[in-house]
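Residue numbers (our numbering): -1 to 299.
I should point out that these hints are in silico values taken from the structure, not numbers from a laboratory.
The structure presented is a predicted model; accordingly, all values stated were derived computationally and were not measured.
Fair warning: there could be bad hints in the mix.
Derived BS3-like pairs: lysine-lysine, alpha-carbon spacing no greater than 25 Å straight-line [to be verified]:
hint, residue 1, residue 2
1, K89, K78
2, K90, K78
3, K38, K90
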Amino acid sequence: MDTVLTLPAIIESETIKSDNSCNLAIQLEQVRLSYSKGKKLTPVLNDLNMTVPIGSIFGLLGPSGCGKTSLIRCILNCLKPDSGSIRVFGKKPGSKESNIPGMDVGYMPQDITLFDDLSIRETLEYFATLYQMPAFMTTKRIEFLIQFLDLPESTRRVCALSGGQKRRVSLATALIHRPPLLILDEPTVGVDPLLRQSIWQHLIELSQSERLTVLITTHYIEEARGANQVALMRQGQILVQQQPEILLKQYHLETLEDVFLKLCNDRHLSMDDDEIEENIVPTTEDDPNWNDSYSNNNNNP
């Protein structure tokens, strides 16, 4: 990128201030989640352990249906795990002490949920209002995101945008309040390779310049070579968590996909993940409309 962009100042998260001694943005220990269909109990997450360092890009990789989205929903306090511990910046999501969901997270769901009648600028102003951002800060942040993400003219309406442009606007809404944690669920699905590469480059630059922690899920395993760490997931289990290059050297293989296949074969894991997450039924403690409202509103702090 030829132009040096100056990041607008924003009030630092109180959560980050209070947890400088902790180097982990996300910590999961022995997390279990299952759903019942009749008398049958099907595991979705099985004694899952995972740690995401602050300021890193973390790729959660695995085929559709392996439990990635369910894991994200647990982190966001949308689903309640059957057992185990989840901590985000040292606090339990949904607790009074936590800003998850809320100011400390930006969430981009896989399905784009924007208001067609609003312009790009109106969309970003709407989300900024939800986070009670001051007007001067909103204006600077919008100008930065429009330039940084190479968005179209800000007066263009969402209904007139291409699929790739809508994805970039959706990413901008998740970044508008400059959260310390960004969670992206399959952000590159269905986009061309050039846009996919561009999204990853943006994430790398933001992680370095804003100390942003990024958790990104994808089933395009090779694209995660740009992540600081990856976790390979299958049938609700984390097979391995490590730096991509170390994994390749450790297994003497050339691609992460080959590493993934070797791990599956070594553990005799079958290829039958696809139907698992589709059958998840929220418990009575969960709000079945939470995901839709969060996608639309990014949560009202």
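Status of the hints after comparison with the structure:
Between K89 and K78, the direct Cα distance comes to roughly 15 Å. Compliance with the 25 Å bound is thereby established for this hinted pair. Of the supplied pair hints, the one linking K90 and K78 holds, its CA atoms being roughly 11 Å apart against a limit of 25 Å. Restraint check for K38 and K90: not satisfied, since their Cα atoms lie roughly 30 Å apart, outside the 25 Å limit.
Hint violations for this structure: number 3 only, all remaining hints satisfied.
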